[in-house]
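Trainee: Chains as they are written, first to last, in the working numbering: chain A, 77 to 625; chain B, 103 to 517.
I should point out that these hints are in silico values taken from the structure, not numbers from a laboratory.
Among these hints, one or two may not hold up.
Said to hold, decoys possible - Below, a sample of chain B positions facing chain A; criterion: calculated Cβ distance under 7 Å:
1) ALA277
2) GLY309
3) GLU315
4) THR322
5) ASN473
Just so we're clear, the structure is a prediction, and the values are computed from it rather than from any experiment.
Backbone N, C-alpha and C fix where the C-beta goes; we use that ideal spot for every residue, glycine too.
Letter by letter, the chains look like this.
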Amino acid sequence: MGLWAKNLLFATVVLTGLGGMAYVVRPGYRPGRPEQLPAVHFTPSEVQATVEGLNAALRQSWQTAGVAPAPRAEDLAIARRISLALTGTIPSLEEIRKFEAYPGEGRLAWWTSHLLADRRSADYLAERFTRAYVGVVDGPFLLFRRRRFRIWLADELYANRPYDQLVRDLIATDGVWTDRPAANFITATINPDDENNKPNVNALAGRVTRAFLGIRLDCAECHDHPFAAWKQRDFQGLAAFFAQTENALFRGESKPFQGIREGSGELEAEDYATGEKHVIAPAAPFQPELLPSAPEHRRARLAAWVTHPENKAFARATVNRIWALLYGRALVEPVDDIPLDDVPAALDVLADDFSAHGYDLRRLIGAIVLSESFARDSAADDEGASERQEQTFAAFPLTRLRPEQVIGAVWQAARLSTVDDDSHILVQLTHYGETNDFITRYGDAGEDEFEPQSGTIPQRLLMMNGDLVHGKIEQNPLANAATQLAWLAPDDQSAVEGAYLAVLTRRPTREEADHFIARLRDSHGDDRARRVEDLYWTLLNSTEFSWNH
Amino acid sequence: MAAGLGAASWLTPVAQLLAAEAEAKSSREPAQSVILLWLGGGPSQLETFDPHAGKKIAGGTKAVDTALKGVQLAEGLPRVAEELGSISLIRSMRSKEGDHERGVYLAKTGYRPDPTVVHPSIGAVCCHELPAKSAIAKTATDIPRHISILPDNWPARGGYLGGEYDAFKIHDPQAKLEDLTARVDDARQRRRLAEDLSVVERAFARGRRRAAEGTLHRETIENARIMMTSAQLKAFDISQEPENVRGMYGDSSFGRGCLAARRLIEVGVRCVEVTLGGWDSHINNHEVHKNLNAALDPAFAGLISDLRERGLLENTIVVCGGEFGRSPDINPLGGRDHWPHNFTVALAGGGIRAGVVLGETDPDGGRETPNPKSFPDLHATLLHALGIDPAKEVITPIGRPLKLAEGEIIRELLA
């Protein structure tokens, strides 16, 4: 193709693109027909009974705590929460128009289904789960492919594979980690400096109990747990399930390329008092009756025990983690330290439903987001929402967005259409590089993702003065929503409203509208573009933008 | 006093004067700041602070005499050797961690990694425990008081004290600081911050006053703004130093980092970590150390003499070391492997006794060391020198009270 042809093609793409945008920025714009409900594994009517059970349990806890529920939040605010939790970004102006065109009743269910069917959700949730499963570091070179693992996990989540099956794969898979990505759960713990190439049984025991059972048995690695009932023997017994796991790649045997498999060997522990070594037999730390005696494969036995329908800790741990992903705060804190007895009734309503309905993550997510609690405002009248209201989920808790949510939101706010996997490959590549750089500098929260945190000075400097934000708001009619709004919005009011919707997913209050409309009045050309850029900068640097609410 | 000076008769006249001054202060002021020269990857004690020239384990590495009689350093550190009268060595450091990440964690926090809590680094503890105004500085510090220059994968963290105590990270001080300049002119910036943002914040705080205040978002923006316009930012700019001072530190990013560290201490920064990485010499140990010592030697020696000449060494502690040492045996690739059993950490200034060499290693490379010292001991000693009680307990977010440091103060190092 000649150069002129390329230029012509480029011009055509730009013009049709901008033409399309012109509709989106008009306040009266309604897409022709709401898109069809995608095939999902939950429908509002199907989860209705569960939602009612959850509502009743929470109402009871509000009554006990003596708190009144906050008023209902705006639908758009709820849509923003769902979007941040599932896709790690905010809704685009294009999506907001579609959302608002959908009939009020059933709108949030449609929105949730729409996002759950979107590959972006699988990708984002996979990253969040990967943190809990294998941590944030890239791990031993060659032995662990974090990216491969995450893509596999995203595929499984996209297919809505029953969660118990998925977890059994993680614990019990044999094979080479490139061919069987689940095996990375095991290989991630191999210390490359260790000649034996053995997975770290203690690290695995810690991961399994925290990620899948919501208990911190690893505190008992070195000593008996100071508060909980866990003894060092409990931890060792669980670790012993991995004692025969080996990596058969580097052993130079007749069939060398087997990867992770079960071999032989026993876990030995030293008795501190006597100094004697003794063999530790694999043992479940609780409910030993659920542990199958066969097969020989130790990890398969452990996997069956962990995911046994009567092992409530498994369903509770999963519910608590999904809850934390949706609210930014776990129902029982910390997210991976849930007592075996005495849990909130709401947790068990969901946990029972989860195990009774095939460990269906989409159904679980649907039940939570349709609950009365999830729809509470983070603001209340008079004195405002109290800490107690937030703690009991009678008001939506304010939590800091994760770095990738912030950058995802900056990215989306700067585009009027939806940024997704269908975007041009170049868009994705730039996105990827910028994402990593931004996350590093913003400060990754690591694995402790639900620890309450306040913001830092480097984060503010990055948002106020950094290249990324500047590049996304400076005058650029081809790429940036701020300039497009300045150029294409029919009047000042719709420019201001468009910016508020695109950045904060809401309309301006009367005071805000008056203030910013006055800023834009009688402005033209470059000057107008700069003023909308100022508006964008202001919204991006607000508390509201960087926090979930 | 006369006896004290007599014993130090080899000191230069200036040093003698300073030593006399130091002795005159019987109840000395605690140290104000810490500079950590972080040798990431685990330097070999044999090619740095603890040579065994002539022994099999030296692998041919020679040694040089130092300002301390009977004490030698490896041949790559001749200038540090000249300054050793101001420095002390703990040659019997022992770590319980032989893995880099875990070892760095233990070295920087004084605690072994614990899945239930993230401990703060020493710099975070200093900032948490000490007031905003350092006795060294004329005014309170309005730039971050905890700074990491040339950070590697594991820069100093705030841990359970919070992200606001994380080290502020900068790269080679030769480069302009990132993100500190507003993108628009003053008038526009003022309008954005003072007028426009207030309107949006007011709307958000309605019905959320307590929670919105709890985010500290507005304070953080204000602190960022103060920092952007602070005169103390000049402390990062080493081009303001005369040529001869810059020359003292050597021509390397690490040397420039050490010079910036001194400038930062002067405006009251509590802790600066300057990283020189790459010591993980599993292959070609001697070559790796030769190259890195070339950067370390002038930077460390230059920093000590510069601090001393400015009278800053009295209230600034300099710590130099890595997460562990390297094996006495040389592997088939000419490398040395991880060796947490006995290695050296160097210390100077801030009320740490000068010229002490504590502990010794087996000339045949044995694992045992008499009187081993641990990182928790080192942390307790540093905190003590800073006037912070290491036994003070802080309630962590999980409700567990933890001591600031759980080791024993190394009394032999206290002046």
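Trainee: Looking back at the numbered hints, which does the structure fail to meet, lowest number first?
Mentor: 1, 3 and 5
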